[in-house]
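Q: Residues per chain, in single letters:
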Amino acid sequence: MDAAYPELESRLAAAGYLASASLATVLRLALVLGRPLLVEGPAGAGKTEIARALSLALGRPFLRLQCYEGLDESKALYEWNYHKQLLRLQADQGRNASWQETQHEIFSPEYLLDRPLLKALRSSQPTVLLIDEIDKAEEEFEAFLLEFLAEFQVSIPELGTIRAQHRPTVILTSNRSRELSDALRRRCLYFFLDFPSREREESIVRLKVPHLEAKLGAHIVRFVQAARRLPFRKQPSVAETIAWAEALMALGVTELGDPRAKETVTALAKHEEDLSLVRQRWASLLSASGR
Amino acid sequence: MIQRLFSFVRALRSHGIDLSPAEVLDAFNAIPVMGVERFVLRETLAACMVKTADDRSTFDALFDQFFPLAPQQRRLRQKRHRKGGPSTGDGGQPKRISPEPESHTSPLQHPARSGWQRHVRELLRRYDAHGESQTLYPASLNRTTGQSVPEFGPCGNHKPFFQRPWTEFDPADVERLRPAMQKLATTFHGRLARRRKRARRGALHFRATFRKAVSTGGLFVEPVFHRQRPRRPRLVALCDLSHSVATASQFFLQLLAAAKPFFHRTQFFAFVDRPVELEVERDHVQPLAPLDVYARSDFGNVLATLPPELLRSIDRDTVLLILGDGRNNYRPPRAEILTQLRHRSRAVLWVQPEDPTRWGTADSAFLHYAPLCTLVVIARSPEELVVRLSRSLIRYV
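Residue numbers (my numbering), protein chains in the order written: chain A, 1 to 291; chain B, 1 to 397.
No lab work stands behind these hints: they were computed from the structure.
Computed from a predicted structure; not experimentally measured.
Possibly wrong hints are sitting among the right ones.
Stated by the list, open to error - Pair by pair, the computed Cβ-Cβ distance ranges are:
id, chain 1, residue 1, chain 2, residue 2, range
1, B, R178, A, P157, 42 to 48 Å
2, B, L288, A, A283, 29 to 35 Å
3, B, L204, A, R163, 35 to 41 Å
4, A, G59, B, L288, 51 to 57 Å
5, B, F210, A, R228, 55 to 61 Å
6, B, R198, A, D135, 19 to 25 Å
7, B, R232, A, E272, 24 to 30 Å
8, A, P157, B, P32, 36 to 42 Å
9, A, E272, B, R331, 43 to 49 Å
10, A, E255, B, V293, 48 to 54 Å
In this text, a Cβ means the ideal position worked out from N, Cα and C, and glycines have one as well.
Same shape as in the complex, but just chain B (with noise of 0.2 Å):
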């Protein structure tokens, strides 16, 4: 039993399902106080070791494979999926070891229950007596269900992960790593947040905290602090979906998503070789219109044909924030365009995927722009992305 379920943990693990020791811990001293009838043990594994509903799906599958079904309770569920009955596998009833109508025989004896259950009583007993030193299961789970786990890509440590640049990334696998963009953007939010937070603390205002004390009796009893004003910025944001730099935007919008919070209004566009207008939510990101992605990407034409409604908007309160390398296919970079915004705009921030030893080579525009804007934001990697990112927009937040 013991091994079994260790080697359930691993099975979890390898499948990008988090464990922390204490959370194995927890659902070790769990199982003797709630026993081991199937449904009850697979609730409160659950609650013990799956901490997100996103993987529940997967602890389910895997328990099937690891906790399977006594056998005769198996033919009966297939039975009943072959009639169309009345599926038991809803989760809202608790699963039945054994069939209702033949309770006539204690439940110790019953022949459903021969299955892993008594196995599992039994293994509990041993491992009370003997301890742990004991092997009493094989690891191999091909004889004790007949299937094998499939093998998922390896996942652990994130931190050298989100250090690779972008280079590594296969912008293919972008669905796959949205948990893990969610996940930055969390921290990301949170950064801003307690930046935010630092940075509006002023000095101590004497005549509020004066007057504060009058009504306490002339003693000091709380310090009042001058207060920025809030600002109400606005952020609009072009971001480059070309191929180059696929996955360094798919991260950068997720980013921005969890900063909406933080402006008083948005505004997304995304591009290839002309601007679209973006819906961007922390769950999806859509464009507003259809959108070439395999167009040859040309940021001068992308200046050339933003809305006028837009430019008209740009105003001292609006922060421009642009993603993108530069690569124009040596069509005109129409940089004179980048100028204006710069003047009608609080600032305009480059965040720019590539390393600046390859800027200005080969269809690369990127050293007409850069002196225009008012900071440039290099960010190889998802982790320079927010750290960098989160410290440059917290000026203007």
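Isolated chain A (complex conformation) (with noise of 0.2 Å):
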């Protein structure tokens, strides 16, 4: 019965992404429906990583729209060239061209800019769009999206409706700087990407790392899985477990005894307060490594 997408776990291993088993069955689930899937969750959890390694594991093209204050349909979605326009109507004026006629051919897809979401849905094979930190863009551009995302086409008035020849898979992220609408929600599949178990978070430093001593790697991740549990803040993410590993092999630190160890932590705490707490914590994060 669940022979949709059998192989995708092992597929985003491949690709460098390892997913936990709840998040393996939420993408299947919005590739077999269709929905556009919306992932919260701490920053560094690896949000943003999951439409990389889907791209790479189904093979589709990538696409990435970032969001931010500001952003708006024209960047999002479609604009006119106009250089390339007045460029055209410059070099007609010689021609004796009437302007039914000229405006047709200025108006046509040749002077149009994709923008990320015209370009999904222009493009000839399934993509995998990943719309970045939606929470940053203002209310008024998550309205638009509802258009897009549940019909997968949109409205431009001077070509028509374009609508999509294969529905791309839709990933959103955010950090939950702000509440979404629930308007949005609802046309979303959900899933919450918290940090990871420790033996995931092991599988994924050796992943990445993959020179690191087995040893030395078990013990950085009971470290920073011991220092999440203080009171950051800022709480040290994936990546900060991934590139303190790298800075500890850079510096030749076999363990964490070493005194050297202490010194690179700045690759975990990203505030003075988180720094010095650690510096305080030291100790007992160091015996809860099981060095």
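Two independent chains are provided; combine them into the complex using the hints.
A: Below you can see the structure in the form of structure tokens.
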């Protein structure tokens, strides 16, 4: 019965992303239903990576729309290439073309600048579209996305409605810097991506820093997992675990007891307060790391 | 199966998870494609029906009641728990319906699968054959799980709820209102943002439009509009935390936390009989010094004991926002200090949760304060607070 995309998990792993069983299930669901997937979770938990890995795993082109305050349709969807249109008008001045013809010509797809959303619709093969940090865009843009996400079509006044040839697989991510509207949530599947369990984080470190000694890797992960229980301003994410592991390896540190290890925690803690917190609790964290 | 899903949906709704018919349809469409293996079913339903991380724990608890593990499996897990062995409940690994080592039999004949899963398959098959009209599962939960679903207060339509006057909210319930406050705060932020955007758009800027047209060969491609100089307002909020306005002030602080980005700088003070600085974020409010909420409220004293550095820093860019009912327990109102503040600041807005008919009655000194304010915002319910406060604040951001 559940034959849809059975190897997704292993293919994601081959693409360098170790998805939990829950995430793999939800991704399969999103693919089967053709629904956009909204992923929330702490920064650095690997939300953006999901889309990249999915495009690799499925062998589909990857399109990315980074949201920011002030993002509007012309940046997200399409824009007429004014300069090219003007050039065309000037080049045509000698020719006695009727206004009808000219208009028809300069408002043809040739003069359209595709932005990511339109690109995803017009693509001749299925794509993976990442709409990153949707919470950074304004609510108006969110409302604008609703039509796109529900119908996978957009209307361009001069060209008519453009419908997707292939439904793109859409992944939206949010850091919860503001609450998203219920209307948007309703149109998406939802997944909360938390920090990985210890075992999985160990495998992630093994995968991303292949030359690291296995024992040190395990210690690092246990250290970070213990550190996440401290009241940090910004909790160390998976990306920071990897960065720290790389830093330690670059210095040739072979165990966390090495005094040089304590100097590299800047890779882990990104705030003054967090840094002093780690240094304060260094001994207890070390013992939690099982060294 | 269908009946059980429907009662599951009902239970989710009665536990405060807003489920639209579209989401329920999504879930029902997903089940045939994804299959009914317990773990997959749980994740599928969760992805379709639970749209915020906060609701996930409620969902999981209910799911366990409606779709319990097969009896053998449950015993196995309990045994593991007693032994303190590896927990299977972390969601990191798929839960197996059948224990691994006995996989020599075909999965379908396996005794551990004789629980709900076989039942579900059978029911699904019957459902496909006969349609929905049959009641396949009696609604009583107790027979299937031996547990009942705990009752929870009624939830549902939020609109009349937000229109209720403050007196109908129990201050002890404030914690339970948190999600509703968050929702309102988002609305508030959105209103301010939209209104500000609209207010900033000015008239057509002729010269700039001409200049721009030069680069496009004299064609007016893009009109340019006058833009308002960005203001850098400062906000100082004084918020009464005494019992009589407790609910209103909690809502008020949540709204202001959401409105922080519109201001250059914000400072919050709570008071009962003297001001204490507050740290206000979207998810928490924390006094920076001990605050006696059981003291007798005295706004006159608050005005008299405002920190001198705060008084010095109030200037023409500062908007002073006060929430309170102005009930001073018959103590001197010290209205002359408010007059001074009014002269030095850009505006003094007073948010009054009380109905105008009650102003000046008993120990209320509000009639002394009201004429001194730039504007009195009457906010008798959460909805009025959002609508009127955003309308008034927009002039200053």
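Q: Holds or violated: 29 to 35 Å for the Cβ distance of B:L288 and A:A283?
A: Given about 31 Å between the Cβ atoms, the range holds.
Q: At the C-beta level, are B:F210 and A:R228 separated by a distance inside 55 to 61 Å?
A: holds, 59 Å
Q: Look at the Cβ atoms of B:R178 and A:P157 and judge whether their distance stays inside 42 to 48 Å.
A: holds, 44 Å
Q: Cβ-Cβ distance between A:G59 and B:L288: within 51 to 57 Å?
A: Hint holds: Cβ distance 56 Å, inside 51 to 57 Å.
Q: If you check the beta carbons of A:P157 and B:P32, does the distance land in 36 to 42 Å?
A: holds, 40 Å
Q: Just to be sure I understand the hint, the distance between the Cβ atoms of B:L204 and A:R163 should be within 35 to 41 Å; is that true here?
A: Since the Cβ atoms of B:L204 and A:R163 sit about 37 Å apart, the hinted range of 35 to 41 Å holds.
Q: Take the C-beta atom of B:R198 and the C-beta atom of A:D135, compute their distance, and say whether it sits inside 19 to 25 Å.
A: Since B:R198 and A:D135 have Cβ atoms about 22 Å apart, the given range 19 to 25 Å holds.
Q: Taking the CB of B:R232 and the CB of A:E272, does the distance hold inside 24 to 30 Å?
A: holds, 27 Å
Q: Starting from the range 48 to 54 Å, see whether the pair A:E255 and B:V293 falls in it by beta-carbon distance.
A: holds, 52 Å
Q: Mind checking the hinted window 43 to 49 Å against the Cβ distance between A:E272 and B:R331?
A: holds, 44 Å
Of the hints listed earlier, there is not a single one the structure fails to meet.
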